[in-house]
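These protein sequence lines are chains X and E, in that order.
Residue numbers for the first sequence follow my numbering, so the first one is 7 and each next one is one higher.
Residue numbers for the second sequence follow my numbering, so the first one is 124 and each next one is one higher.
Hints are computed from structural coordinates only; laboratory data are not their basis.
Every residue gets a Cβ at the ideal spot worked out from N, C-alpha and C, and that includes glycine.
Careful: at least some of the hints might be erroneous.
Within a straight-line C-alpha distance of at most 20 Å, the following computed PhoX-like cross-link-like pairs (lysine-lysine) qualify [stated by the list, open to error]:
#, chain 1, residue 1, chain 2, residue 2
1, X, LYS356, E, LYS325
2, E, LYS422, E, LYS175
3, X, LYS348, E, LYS325
4, X, LYS415, X, LYS295
5, X, LYS429, E, LYS325
6, E, LYS437, X, LYS353
Examples of chain X residues lying across from chain E (beta carbon under 7 Å, computed) [what the hints assert, rightly or not]:
#, residue
7, ASN185
8, ILE189
9, LEU205
10, VAL208
11, ARG209
12, LEU215
13, ALA217
14, GLY218
15, LYS356
16, GLN409
Okay, the calculated beta carbon distance ranges per label pair [said to hold, decoys possible]:
#, chain 1, residue 1, chain 2, residue 2, range
17, X, ILE345, E, GLY511, 43 to 51 Å
18, E, ALA370, X, GLN338, 37 to 45 Å
19, X, GLN409, E, PRO373, 17 to 25 Å
20, E, ASP525, X, LEU42, 54 to 62 Å
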Amino acid sequence: MQFSGRRRKVITSPQVELYGQALQFYGQPPLENMSLSEFESFAVDRLKLLKTIENLGVSYVKLSDDYKRKLDNESRNLNFPYRPDAVPDDRKSQVGPSEYEKRRKDHISHFILRLAYCQTEDLRRWFIQQEVDLFRYRFNGLQPKQKVEFLHKNNLQYDTISVEEKKTLQDKLVNSSHNVSGITVEDQDFYKVPFQDALDLVRTRKVYLKAGYVYIPHQDIVAIVLNDFRTRLSKALALTARSLPAVHSDERLQPLLNHLSHAYVGQDYSIQKNVGKISLEQIDSLSVKSFPLCMRQLHQALRDSHHLRHGGRMQYGLFLKGIGLSLEQALQFWRSEFIRGKVDADKFDKAYAYGIRHMFGKEGKRADYTPYSCMKVILSNLPSQGDHHGCPFRHSDPELLKQKLQFYKVSPSGISQILELVKGMHYQLACQKYFELTHSIEEASFSLNHPNQYFIESQRVLGGGKDIKREVGTPQRSQENSAARGSTADREAAAAANAAKDLPEMTEDLDSFFQDA
Amino acid sequence: MPSSGYDAACLPDLLPLYYRRLFPFAQYHRWLNYGGVQKNYFQNREFSFTLKDDIYVRYQSFSTQTELEKEMLKMNPYKIDVGAIYSHRPNQHNTVKSGTFQALEKELVFDIDMTDYDDVRSCCSAAEICSKCWTLMTIAVHILDRALRDDFGFQHLLWVYSGRRGVHCWVCDEAARKLSVAARSAVAEYLSLVKGGDETVKKVVLTDPLHPFIRESLAVVERYFPQYALHEQEILSRKESVDKVLALVPEDILFLFQCCIYEGNKACSRAVGNSKGQHFEKEIMLQYCYPRLDVNVSKGVNHLLKSPFSVHPKTGRISVPMDLEELDTFDPLAVPTIRSATVLNARVSEDVKEKENEKDAAERRKIRDYKRTSLAKYVKYFDQFLDGLALSWKGELLKKSDLEKDF
């Protein structure tokens with residue numbers, strides 16, 4: 007080490023080079039020793055960050071100003087890097103960890119969570135989704151020059167097309183995407199990329215596709231980068247899964263990793279409590295009183311047409327399992343309903359009983375399927391002609407939704423509040439509002455993310471069990487409280503406060519665990 | 124639609140005849156073996172059979188064409204489905220360490236089912252089809268075939284009549300077989316324009332600019348729309364169907380129409396035509412005619428789909444490949460059934476042997492009938508398809524042998 011008077015000397019060490027870039031593909035795992043407590047706190051912090059990303063992604067349009075602002079805040083609070091132009095060895099009067107330390111934390115925590123989230127398809131899918139969203143937000147924050155630098159450093163070489171070809175394809179290129187104008191075509195390079203490397207653009211038809219290649223202007227290369235990131239991470243997780251036995255043999259790590267992977271979903275309602283406590287006769291009245299709208303709709307459709315298609319059977323069947331129906335009850339329930347329709351007992355036993363047993367883990371690979379969370383219902387398996395599954399707040403025409411709510415005797419002012427939330431794409435908040443209106447309470451004490459959670463909370467309210475807690479929140483929140491009752495910001499704060507409450511509790515548990523050890 | 128008095132009770136007797144004499148095993152194996160370029164491609168392919176009394180068996184696999192023939196003759200399947208190529212022989216999957224038995228490759232497939240159009244066809248519903256609504260399948264094949272070739276660059280597409288109420292497409296290019304789940308789902312979504320279930324009234328929404336894919340698809344729909352929708356389906360003839368159409372028209376346009384009727388003002392219709400971003404006429408045509416595909420069928424690498432040349436047990440019709448040159452005259456109700464194929468074949472092959480040089484017009488007509496309604500022409504078309512596919516193998520095999528010589 008060299009000292010030269012007062013002038014700050016730039017000391018280059020291998021570590022600085024390692025974290026020289028703000029953004030990375032996480033290609034190389036960290037190679038250093040660290041304490042268990044740092045290991046644990048890094049992991050928990052990243053988990054909080056990813057959970058925030060998940061929640062923000064449902065409530066806001068990704069990369070909108072609100073979204074970025076909130077994510078900036080969260081990154082800052084958790085000591086993760088959020089300013090891409092900070093220099094790694096900048097140690098000038100900074101409060102808290104340096105940029106270098108933040109990047110190191112980012113690097114290490116990512117790899118720890120890989121260990122926790124590589125084990126099952128569901129965990130992997132969730133982890134990859136949040137990491138991709140995080141990457142997108144960070145890449146978006148880079149300057150154009152830094153973006154190009156990133157591309158080159160990571161070997162994404164795609165061919166550009168000639169000027170003549172650009173001219174020939176000009177109209178088609180302009181018509182294929184909103185942000186491509188005649189000027190774009192003239193000024194920018196267009197890259198020819200195999201369609202398999204640009205699936206997001208293909209899926210949403212936002213790009214020109216010819217003979218298996220998509221034509222992308224330089225400005226849009228981010229989608230490609232994201233896809234590449236996703237693919238690399240997916241492969242890496244598969245590899246990580248294979249080396250898990252070695253990791254699990256370290257007794258210090260196994261409990262922590264298990265705890266981490268269960269934390270993300272909170273409760274997944276896969277372990278059936280109260281099996282058999284619900285009788286089939288109760289279901290009709292329960293569907294009106296305590297089912298979320300999606301399940302009420304499915305139940306109604308089932309009663310009306312004595313049939314549900316596969317998507318509906320899965321969504322509703324697993325929900326019923328989650329509220330405590332036993333396999334025998336489920337079989338009886340579906341059978342008696344289907345028989346009223348066009349299906350005779352024989353056909354039911356042959357064609358449908360298998361599927362129900364499958365849901366309960368009694369067939370095939372004997373996986374015990376978990377009831378769908380709101381996220382899953384909203385995002386996957388779009389309903390099509392003849393289907394009744396999905397989230398009504400997301401998938402129904404607003405007009406039809408309105409009629410349905412009127413039919414279910416929701417007040418006109420309540421209906422317009424719900425429709426406002428739907429317009430803003432806050433589907434879970436809309437459902438929560440539906441809960442509040444149908445249970446005649448001012449404010450739900452929970453943040454809705456699972457249909458079975460809706461059911462349990464509803465039963466709690468109706469059974470007069472636990473008190474409905476008023477939200478004890480941050481000062482910021484109580485200001486908004488007095489300013490605008492029932493505004494969306496209110497809900498956000500409540501939701502965020504709720505989410506934030508869970509994780510500190512979890513960390514406390516982890517702390518005490520380690521103290522015992 | 125009664126298919127000439129078909130009764131599933133005939134299957135136990137006719138299926139053995141069909142499998143012994145008509146099922147084109149040689150071509151079938153030639154297809155699924157893909158030139159032997161990849162080791163164990165045929166051996167690791169999953170088949171599933173549905174036997175008499177709805178007994179369903181999965182994870183069937185065969186080492187050779189002969190073994191496939193033997194087993195099919197023995198088991199006499201009512202339905203045959205083709206699945207993926209796995210990492211190990213499917214019939215040994217229980218011996219493989221859990222987690223390592225995986226589906227690796229499969230053709231990219233599409234399934235267009237007429238029941239998905241029930242809300243827009245008035246002539247039939249559910250499992251019925253007729254010549255009037257079959258046009259929907261014609262339109263679907265034209266649109267998807269063009270898109271898969273021109274947009275995605277695929278070359279080896281096998282279109283097959285499902286035997287009852289729809290069509291399947293098997294994209295057999297190597298690149299297609301190697302596609303991931305995410306890629307398959309992306310392709311299917313690119314091709315999807317009609318979205319929403321029973322709860323959605325307006326299922327097609329277009330915004331500016333119109334993507335070239337939409338323009339191309341519209342061009343196909345517009346070719347068929349007047350004859351199909353206005354003439355055959357008569358969507359503007361009865362009040363209830365008119366109402367259904369009007370439900371898809373935006374309110375402000377309807378208001379303008381009413382003005383026009385009152386004022387008789389020609390300027391109105393021009394105004395309507397120029398309304399910015401209003402594509403309701405195109406949206407209506409697409410909602411009535413654009414192909415509706417089930418994304419879930421195309422997504423899964425391990426998805427099992429009805430095999431070409433298998434029999435549809437509910438109709439007795441054979442799943443035959445469709446020659447796209449004759450697409451517009453394809454008649455699903457003239458597709459050979461297991462009865463017509465086996466019986467006709469039995470009768471004629473005897474006659475043919477006896478009267479090979481018969482110049483009698485009646486006999487010639489009989490032989491011509493045989494050729495027209497029998498399986499022969501479909502097998503011939505399948506051969507042509509395989510010839511095209513084989514060209515792609517030749518390149519691969521040469522490459523492989525070159526590499527081997529280097530060592």
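Hint numbers the structure violates, sorted upward? 1, 2, 3, 7, 8 and 16
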